[in-house]
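Enquirer: In this text, residue positions in the sequence shown follow the working numbering: the first is 297, and each later residue adds one.
Think of the hints as simulated: they come from the structure by calculation, not from any bench. Do not take every clue at face value.
As the list claims (entries may be wrong) - Here are the simulated lysine-lysine pairs, DSS-like style, with alpha carbons at most 25 angstroms apart:
| id | residue 1 | residue 2 |
| --- | --- | --- |
| 1 | 576 | 607 |
| 2 | 545 | 596 |
| 3 | 758 | 497 |
Claimed, not checked - The calculated label-pair distances, taken between Cβ atoms and stated as ranges, are:
| id | residue 1 | residue 2 | range |
| --- | --- | --- | --- |
| 4 | 596 | 471 | 43 to 49 angstroms |
| 5 | 713 | 836 | 23 to 29 angstroms |
| 6 | 444 | 469 | 27 to 33 angstroms |
| 7 | 796 | 762 | 34 to 40 angstroms |
| 8 | 833 | 713 | 19 to 25 angstroms |
| 9 | 744 | 713 | 48 to 54 angstroms |
| 10 | 709 | 744 | 27 to 33 angstroms |
| 11 | 461 | 836 | 45 to 51 angstroms |
| 12 | 796 | 345 | 31 to 37 angstroms |
Only a predicted model underlies this, so the values are computations on that prediction, with no experimental measurement involved. Beta carbons: idealized from backbone N, C-alpha and C, even for Gly.
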Amino acid sequence: MHLTYKDLKRTTNLFRDFVYDFEKVDSFYSGNFKKIESFKTCHDSLIKRKFYRNEIASILEKQNLELGASSQTLKNISYLKESQTSVVFTGQQVGILGGPLFTIYKGISAIKLALWLSKQLKTKVIPLFWLAADDHDFLEVNHIYLLNPQSQVTKIEYKGKVDWNGRPMAKVILDESINGFFEKVNQNFAETKHKKEILGKLSEFYREGQSLSWAFGKWLTFLFGKFGLVLVNPADKELKHLAVPIFEKEIEQNGKLENIFRETNIRLGEKNYHQQVKKKENYLNIFLDNGQRSTVRKEKEVFVVETTQEKFTSQQLKGLLNQKPNLFSPNVVLRPIVQSYLFPTLAYVGGPSEVAYFAQLKDLHQVLDVNMPVVYPRAALTLLEKKTSEILEKYNLDIKDILNQDIELVINQTVEKTLPANWEENFTKTQSQIKQNFEKLEQEVIKIEPTLKETFTTTKSKIDFELNKLKEKYFQAHKRKNNTIREQIYKLRNHLYPENDLQERKFNIVYYLNKYGYSLIDFLYENIAVDDFEPKVLTLKD
Numbered sequence: 297m298h299l300t301y302k303d304l305k306r307t308t309n310l311f312r313d314f315v316y317d318f319e320k321v322d323s324f325y326s327g328n329f330k331k332i333e334s335f336k337t338c339h340d341s342l343i344k345r346k347f348y349r350n351e352i353a354s355i356l357e358k359q360n361l362e363l364g365a366s367s368q369t370l371k372n373i374s375y376l377k378e379s380q381t382s383v384v385f386t387g388q389q390v391g392i393l394g395g396p397l398f399t400i401y402k403g404i405s406a407i408k409l410a411l412w413l414s415k416q417l418k419t420k421v422i423p424l425f426w427l428a429a430d431d432h433d434f435l436e437v438n439h440i441y442l443l444n445p446q447s448q449v450t451k452i453e454y455k456g457k458v459d460w461n462g463r464p465m466a467k468v469i470l471d472e473s474i475n476g477f478f479e480k481v482n483q484n485f486a487e488t489k490h491k492k493e494i495l496g497k498l499s500e501f502y503r504e505g506q507s508l509s510w511a512f513g514k515w516l517t518f519l520f521g522k523f524g525l526v527l528v529n530p531a532d533k534e535l536k537h538l539a540v541p542i543f544e545k546e547i548e549q550n551g552k553l554e555n556i557f558r559e560t561n562i563r564l565g566e567k568n569y570h571q572q573v574k575k576k577e578n579y580l581n582i583f584l585d586n587g588q589r590s591t592v593r594k595e596k597e598v599f600v601v602e603t604t605q606e607k608f609t610s611q612q613l614k615g616l617l618n619q620k621p622n623l624f625s626p627n628v629v630l631r632p633i634v635q636s637y638l639f640p641t642l643a644y645v646g647g648p649s650e651v652a653y654f655a656q657l658k659d660l661h662q663v664l665d666v667n668m669p670v671v672y673p674r675a676a677l678t679l680l681e682k683k684t685s686e687i688l689e690k691y692n693l694d695i696k697d698i699l700n701q702d703i704e705l706v707i708n709q710t711v712e713k714t715l716p717a718n719w720e721e722n723f724t725k726t727q728s729q730i731k732q733n734f735e736k737l738e739q740e741v742i743k744i745e746p747t748l749k750e751t752f753t754t755t756k757s758k759i760d761f762e763l764n765k766l767k768e769k770y771f772q773a774h775k776r777k778n779n780t781i782r783e784q785i786y787k788l789r790n791h792l793y794p795e796n797d798l799q800e801r802k803f804n805i806v807y808y809l810n811k812y813g814y815s816l817i818d819f820l821y822e823n824i825a826v827d828d829f830e831p832k833v834l835t836l837k838d
């Protein structure tokens, strides 16, 4: 079964051109991800720059050892000390049980791209995963979706006793409510030979007293450690200290940077591309955490912290930055620039949204004298289970029907295929015969009594109405008798397009691990190719 991004109705103009017609978007990116020359040019530029390689390696070694790093991961960290080594970055908000499926696809895409680039460039390229622990929208990451044994889409939420919304995820500490969360997961898991092992491992990481970011990191380390994936926690105080110069530039040049960002957005609009990041004017690309994460806006010659209304001059704000860098974090605009300032970033692996916001950042990279990486699209997968595949085949449906059409329309079209042959033609033929006979009768009667013409017109209209009504009732009666079709197609929709969203954006990996075990990770690794830029349908084997 084959899909393309052109088949998906939610694909934006920008992403469609990025994948299929890169020349149209070339001016917004540092290089074409399909050409090895782009990576070579970027690498040549990186090795001429200075990075805090030894300091970074020391910080990452400490972070990853705390997460139970594999020997391969530690070896990759040691390679960072070498001047020729570069990195492939990806990342995601830290969340409960690892977040949506695409988190897994990002990790594998980065691992495989780094391996491929190492061979192509004949130098060391290592995969890094940015744990977005500074993000503060708890309600976005405190839940998972899975299918219960009845194939119903089920949301399971960790609420906790503390309201963590608005606080950095690095500060979220799991409490005893996590036990109730796992009870609900257990209730909604099918009984399989993998269930006990999966739940045991998850509850070992996501447990009372542990931070959400630590648990997320432990889970990813467990899944990807053997592939050498290196995790980066940007909330680390030492790492933030190294990023101080880029924050200083943001404070000093905020007006200039804002103008550049605005001009890029105008150019995007002129090409009929959307703006992924819509930024308020006069706001820094920085958050300040003085008890609660807050935006900072500029008012004339001072900077105002939104939540507390504290005011700082430029010098005072930079002074606070140098004294307490751990209070500062980048927003979505500055974060990629901080990454590439700290790390020799050769490529960034992202989904359609990330590809879109990188298009807004090229000129900012240049002004801040930071090398922009080659932006590379992550793998996009739809996992097809055996029973789901059988339903598609049974009704001769294409996965595109489920992803793009209204589900009731799909049901109606499928039911129509099961109706007796020529049923609609027979209705139409009978309706036509009645009409002809009625018109013949009308002509004979009107000859004798012309005043009845209006009565005939009204009666004819009523007959047409009732016959059409009868036809619809017949179809609906047949549809009700074929309720199995409806139920199975709704199950299809739940599996492939849950709650009108792409499967990879909705479901968590644990649903599939419970059914197929940890070997599923190896299966995904084997089936994600660095030169395949189309969405892929993968059939899972029982």
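Enquirer: Against the earlier hints, flag every one the structure doesn't satisfy and list their numbers going up.
Expert: 3, 10, 11, 12
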